[in-house]
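Colleague: Letter by letter, the chains look like this.
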Amino acid sequence: SAVISQKPSRDICQRGTSLTIQCQVDSQVTMMFWYRQQPGQSLTLIATANQGSEATYESGFVIDKFPISRPNLTFSTLTVSNMSPEDSSIYLCSVPSGAPLLLNTEAFFGQGTRLTVV
Amino acid sequence: GNSVTQMEGPVTLSEEAFLTINCTYTATGYPSLFWYVQYPGEGLQLLLKATKADDKGSNKGFEATYRKETTSFHLEKGSVQVSDSAVYFCALKGRGADGLTFGKGTHLIIQP
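Chains as they are written, first to last, in the numbering used here: chain A, 933 to 1050; chain B, 177 to 288.
So here's chain A without its partners, still in its complex pose (with noise of 0.2 Å):
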């Protein structure tokens, strides 16, 4: 299995500003995901990060509100940007277990970061 830190693990912000939320993995993976926890709701998945390319978002989220970076086999942050309080969610970071496509590839979650938005 895949051990994967998210930092920070929580933040308060002010809205307006941005924060970005770092997902290192101990092993090197094809592809990254980045899903959103609002509360009482389930994870939603905002976009997925290839390293060596853009990410691909799913409908719903842009880029200029949630970019990504994808610098390496083993690490992506995800920046909430211009922040309201209606983006206070857990955010995670998970990659496959084997290979992506497959349709019995499970995944592996951090401990997700919760932000805070006031």
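Since no wrong hints were added, every one of them can be taken at face value.
Straight-line Cα separation of at most 27 Å, DSS-like style, residue types lysine-lysine; simulated pairs:
(1) B:LYS280 - A:LYS997
(2) B:LYS244 - B:LYS280
(3) B:LYS232 - B:LYS244
(4) B:LYS228 - B:LYS253
(5) A:LYS939 - B:LYS280
(6) B:LYS232 - B:LYS280
Simulated from the structure, these hints should not be mistaken for lab results. Only a predicted model underlies this, so the values are computations on that prediction, with no experimental measurement involved.
Let chain A serve as the given structure and place chain B on it in line with the hints.
Modeller: Using the frame of chain A, we list chain B on its own:
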């Protein structure tokens, strides 16, 4: 699109009670199905999975059977313990999809 519906919580049971957490899904084709668990203060971890119809996933006394005819993947355990208190998420992975589609999660509370 894909979606997962699971019973709302919190679910409160006494120790040694029988547990069922319902999960139904909507997906194109035949997805893989998962149960994830999040213990207090910890990250999400895979509990069990099933990749085709009639498969039964099992782990730590928990079981779930992939029922294609009812599009369900209910989680069961015969005798719960206080240490099972956690949030449980049902999820699916569709063909060709990169990420997972999750249900809203069910908070399970086991009282001694």
